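Heads up: the protein sequence lines correspond to chains P and U, in order.
So this note's numbering is basically just the index in the first sequence, starting at one, shifted up by 2.
So this note's numbering is basically just the index in the second sequence, starting at one, shifted up by 2.
If you're looking for bench data, these hints aren't it; they were derived computationally from the structure.
Please note: incorrect hints may appear among the correct ones.
Since the list can't tell identical chains apart, any single copy or any two copies may satisfy a pair.
[What the hints assert, rightly or not] Heads up, simulated DSS-like pairs for lysine-lysine below, C-alpha to C-alpha not over 27 Å straight-line:
| # | residue 1 | residue 2 |
| --- | --- | --- |
| 1 | K258 | K354 |
| 2 | K186 | K363 |
| 3 | K263 | K229 |
| 4 | K420 | K363 |
Since we're looking at a predicted model, the values are computed, not measured.
What follows is the residue order along each chain.
2 protein chains.
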Amino acid sequence: MMSFEITTELLETVTSYIEASNDTALVEYFENMHHADIAEILDELSFEEAIYIIKLLDSEKTSEVLMDVDDDVRERILKNLTAKEIAEEVEELDSDDAADILGELSEERQEAVMSQIEDEEHVKEIEELLTYDEDTAGSLMAKELVKVNENWTVLKCVREMRAQAEEVTRVHSIYVIDDEEKLKGRLSLKDLLIASTKTAISEVYIPNVDYVFDHDDLDEVSFKMRKYDLEAIPVVDDNHVLLGRITIDDMVDVIKEEAEKDYQLAAGIVEDVEADDNILELTKARLPWLILGLFGGLGCVLIMDGFDESIQAIENIETLFFFTPLIAAMAGNVGVQSSAIIVQGLANDNVKGSLWNRLLKEVGLSLVNGIVLGVILIAVAPFMGLEVFYSITVAVSMLCVIIVASLVGTFVPIVLDKRGIDPAIATGPFITTSNDIFGIFLFFLIAKSMLL
Amino acid sequence: MMSFEITTELLETVTSYIEASNDTALVEYFENMHHADIAEILDELSFEEAIYIIKLLDSEKTSEVLMDVDDDVRERILKNLTAKEIAEEVEELDSDDAADILGELSEERQEAVMSQIEDEEHVKEIEELLTYDEDTAGSLMAKELVKVNENWTVLKCVREMRAQAEEVTRVHSIYVIDDEEKLKGRLSLKDLLIASTKTAISEVYIPNVDYVFDHDDLDEVSFKMRKYDLEAIPVVDDNHVLLGRITIDDMVDVIKEEAEKDYQLAAGIVEDVEADDNILELTKARLPWLILGLFGGLGCVLIMDGFDESIQAIENIETLFFFTPLIAAMAGNVGVQSSAIIVQGLANDNVKGSLWNRLLKEVGLSLVNGIVLGVILIAVAPFMGLEVFYSITVAVSMLCVIIVASLVGTFVPIVLDKRGIDPAIATGPFITTSNDIFGIFLFFLIAKSMLL
């Protein structure tokens, strides 16, 4: 298959078909197209056009398209579909995707849609999935899986599987359960293919499989799946009854989303915003941190104003003020570096040793960095017409500021993490702003005692 | 399987066995342990202890352990193994992992190890993989896969597969090729399980499969696998001859690494550093950006010094200097926000429309943000004892600085991307520092014209 790319020509073709209500041409056009590609086209069309296509095409196809379009496009489409139409889409989807769609509706509409779904088993499964909290294994699992009883033979197993496999998009593993539906182990398709038909399942299955509990945190699931290179992991309840499975493709999306969230938080953007969102959405995502920055800056004004009178006697006092952006930048940069390393270390579970050792190491690191930077500053200063005693004062202040900033950058995320708060919110503007204030204060305190 | 966790007790047990040279106990201890868990233990032990365990255990197990330990641990272990010992490990690994191990050795040692590997086919495969550049599909693919000829029957196919499958750790898809080894399509295990044995492969296989070329960029491969929810993708050469396959578990590692790299670049850390690295390594990763920040700060000093004489007549001129950290912080924050959104948009391929439209949108966004922030500032200023005309000057400057900062933050990554340079390096300190300089300059320029 060649790479799919959206061209202006392609969009014009689709739009012209819609304008002409040429349904036959549209159906034919999308017939052999992958649902992810159709979704990409829908993201580019107007909402009216997107809804036209969704209503036109077969729900077997559009249900998958709905899962792939941008969140805001899906929201608008769902608003414009009747409960009956949504039910048709939902019927085609696996339980996990179906629950995602229903989760986006109001409770009232949820019930209306549910009542239109014919398959009662499907409704029960979706309802079960909807009870889980967003960040738990249960919320990501699908109920569709292939399971066989440990007491069966390979032959009976293959027969049963043929029936079950029809329902399951992709068979990763065949789970082995006992009479009480408790997870006993798994069977790989490969093993099944190689084993003779008369063999008992109990003889060929692999016991001791990895599993997660339905209430486990998704971070834990992600960690386990990556560590053990799993493509699917079974989900059980506290009695080890097999409830569902989580597949790697869903987990990849979670990993990607988590990484983007952390990145955005570090950059001072409230999560969940895209380059193509409108100005209002982007403002909502960006303004809060900027307001924080504004008050941080005003804090710096107050600090300097507070020092102003008591340091008037310093010779060339203005030169001192020239250095405030430098001090603030250093405090910010060092703080962000320290916090980023800690946040990543916490996420990957490789922050070991005590908090004291960690902070001591940061002091060591800051001493090395601060001394190198100080030496550069003192070496450069004469060329800027700066007196030596002045540049030494700035260098000493910078060293202290770097140490404090790195301690703040390290300490805050660790404390947040210990309290169960996402440490990623402490990177970016939060650390920069507090370090600006600490930094400016320290700078003037040190300058005052050294230069007066 | 219960969750695995490293305890002090566990480490003490292992260490005491090693001290007592109690090999029997060690072998037994690790017998049923997953290689990823053993790797985690090795990361915690001393290098001597880690090497002791690697040399003791069976290479079938240790080869996988070697792939899972931290990079620096692996480096040290490889240094302490003979070419013969490394060859034994490599023989157990799939071609892609084997090539990774060999890629870490000097050319001389590579040859020494290769000459010790008995399986000539394996050597040829590894040599082929070693020719690929780091960021290409070819470098990540494994040669091990299950392929069947389109002219076979299902029966012949199952027979051949039993032989091939022994070699392949996980069968994702069965690839269908023609007599010239060109990729024709794929066959799912599920379909094969359901089809009758006499059916011809040509009747049941799925044509039009996704594939990538060996020279394709890994970003592209990652994008395709995520978009189409693929668990494996075949790799072909320019003649469409099937060369290998890339599996999702390897891709997950790439996605995770890429995300961490971007995050670190945004935080002003040279990539590839961990919380547990030593002070020298951490300094090497952090100091370069701090030096950039230092010179940025000195640039601000020069700018203010340049303005100093010409603005001496401004009343309460010191108040003006009090606001420089605020202006610098705003310029930095806005720039980082803009660049982060663009960098993520570029990575996800959703930066659409022309550069001019994009920049125009940033101006609109900045106007909204800047006006809100300006109003807040003017409202708060009287409580800080600031004259209205002063606060209006700062607010106007801030608005202009925000506009310029957001344009720089948007423009630079897009230009870098167009020139084939990773736009992620333009986030973080680079943008902050240049925006500090632009911001301070603009601030004094505007203040001078408004207050004089």
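Hints, one by one, checked against the model:
1. K258 - K354: So K258 and K354 pass the 27 Å test inside a copy (25 Å) and across (21 Å) alike.
2. K186 - K363: Result: close neither inside a copy nor across copies, 46 Å intra and 57 Å inter.
3. K263 - K229: both (22 Å within a copy, 19 Å between copies)
4. K420 - K363: within (20 Å within a copy, 40 Å between copies)
When the structure is compared with the earlier hints, a violation turns up for hint 2 alone.
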